[in-house]
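When you get a sec, could you build the whole thing from the sequences and use the hints?
There are 2 protein chains.
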Amino acid sequence: MSHRSRLGTLVIDCKGDDFAEAMRFWSGALGTEFYPDPDDPRYAVTDRAADEQHLILQKVQHDNRVHLDIETDNKEAERMRIEALGATLVERHPKGFVIMQAPTGQRFCLVDPQRGDFPGDAREHP
Amino acid sequence: MSHRSRLGTLVIDCKGDDFAEAMRFWSGALGTEFYPDPDDPRYAVTDRAADEQHLILQKVQHDNRVHLDIETDNKEAERMRIEALGATLVERHPKGFVIMQAPTGQRFCLVDPQRGDFPGDAREHP
Numbered sequence: 001m002s003h004r005s006r007l008g009t010l011v012i013d014c015k016g017d018d019f020a021e022a023m024r025f026w027s028g029a030l031g032t033e034f035y036p037d038p039d040d041p042r043y044a045v046t047d048r049a050a051d052e053q054h055l056i057l058q059k060v061q062h063d064n065r066v067h068l069d070i071e072t073d074n075k076e077a078e079r080m081r082i083e084a085l086g087a088t089l090v091e092r093h094p095k096g097f098v099i100m101q102a103p104t105g106q107r108f109c110l111v112d113p114q115r116g117d118f119p120g121d122a123r124e125h126p
Numbered sequence: 001m002s003h004r005s006r007l008g009t010l011v012i013d014c015k016g017d018d019f020a021e022a023m024r025f026w027s028g029a030l031g032t033e034f035y036p037d038p039d040d041p042r043y044a045v046t047d048r049a050a051d052e053q054h055l056i057l058q059k060v061q062h063d064n065r066v067h068l069d070i071e072t073d074n075k076e077a078e079r080m081r082i083e084a085l086g087a088t089l090v091e092r093h094p095k096g097f098v099i100m101q102a103p104t105g106q107r108f109c110l111v112d113p114q115r116g117d118f119p120g121d122a123r124e125h126p
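If you read the sequences in order, they're chains C and H. Going by our numbering, the first sequence opens with residue 1, and the numbers climb by one from there. Going by our numbering, the second sequence opens with residue 1, and the numbers climb by one from there.
By construction, these hints were calculated from the structure, which means they are not laboratory data. It is possible that part of the hints are untrue.
[What the hints assert, rightly or not] On the chain C side, residues computed to face chain H include the following (Cβ under 7 angstroms):
| # | residue |
| --- | --- |
| 1 | L7 |
| 2 | G28 |
| 3 | G31 |
| 4 | V66 |
| 5 | H67 |
| 6 | I82 |
| 7 | L85 |
| 8 | G105 |
| 9 | Q106 |
Virtual Cβ for every residue (Gly too), placed ideally from N, Cα, C.
This is the structure in structure tokens:
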């Protein structure tokens, strides 16, 4: 069975207690208003259009970084495909996303489809 | 005089000598072919459409990371605007971009307009 995947959200990981300050800075810097996710206070979301790159702020315990998500309609099939390319599984997060590490060292996540137009321009993997 | 800025390219910084391997992995993972920039072997570029999020691989000496660019028609005015928001100047790179550090710790770059449709949806700063 085939599955599909594509570049998903760009996640700005922010360590520290002052998440309001992180929201203020990144809203101003990127010209996109970040506001608290009503469903989860660890996130700040935006109202960017479906055809724009999605952005999110995440309150984290690990070091500050930027990471990318890959959105897919089959996370386990995508994990196997990405592992075959050389990445390694770091952790299956309780929230449902799969944390991977690229052979070049960056961490990224496999997530369920995020944008309403999925599959849109996602690639199909036989 | 006003200037404009918006989110630019997402840059995947790859340390190490095997840049061909980095190109191979990220091409497969993101379903977007990265190929060597004919003008500069430290970069690998893609042919993503003007209305898609632009991506680039950069061969670096520092640790692997992902960073974002802010494209602007006035880097010095944008630097001052971003500093007023709380970021600090790290370095003016000889290649022309300005490396900044967010109050939340992530590094990002101010660069000249990258996509042909600039200013497009860029925000104007009086």
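Hint by hint, here is what the structure shows:
1. A cut of 7 angstroms between beta carbons decides the hint on C:L7: the least distance to chain H is about 5 angstroms, and the hint holds.
2. Proximity of C:G28 to chain H holds as hinted, the smallest CB-CB distance being about 4 angstroms (cut-off 7 angstroms).
3. Annotation: interface hint on C:G31 holds; nearest CB of chain H at approximately 4 angstroms, less than 7 angstroms.
4. With 7 angstroms as the threshold, the beta carbon of C:V66 comes within range of chain H, its nearest partner Cβ sitting at about 5 angstroms, so the hint holds.
5. Nearest Cβ of chain H to the Cβ of C:H67: about 6 angstroms, under the 7 angstroms cut. The hint holds.
6. Interface hint status for C:I82: upheld, as the beta-carbon distance to the closest one in chain H is roughly 6 angstroms, under 7 angstroms.
7. Hint status for C:L85: holds, given a least beta-carbon distance of 4 angstroms to chain H, under 7 angstroms.
8. Against a cut-off of 7 angstroms between C-beta atoms, the interface hint on C:G105 holds, since the closest Cβ of chain H lies about 4 angstroms away.
9. With its C-beta approaching chain H no nearer than about 5 angstroms, C:Q106 sits inside the 7 angstroms limit, and its interface hint holds.
Of the hints listed earlier, there is not a single one the structure fails to meet.
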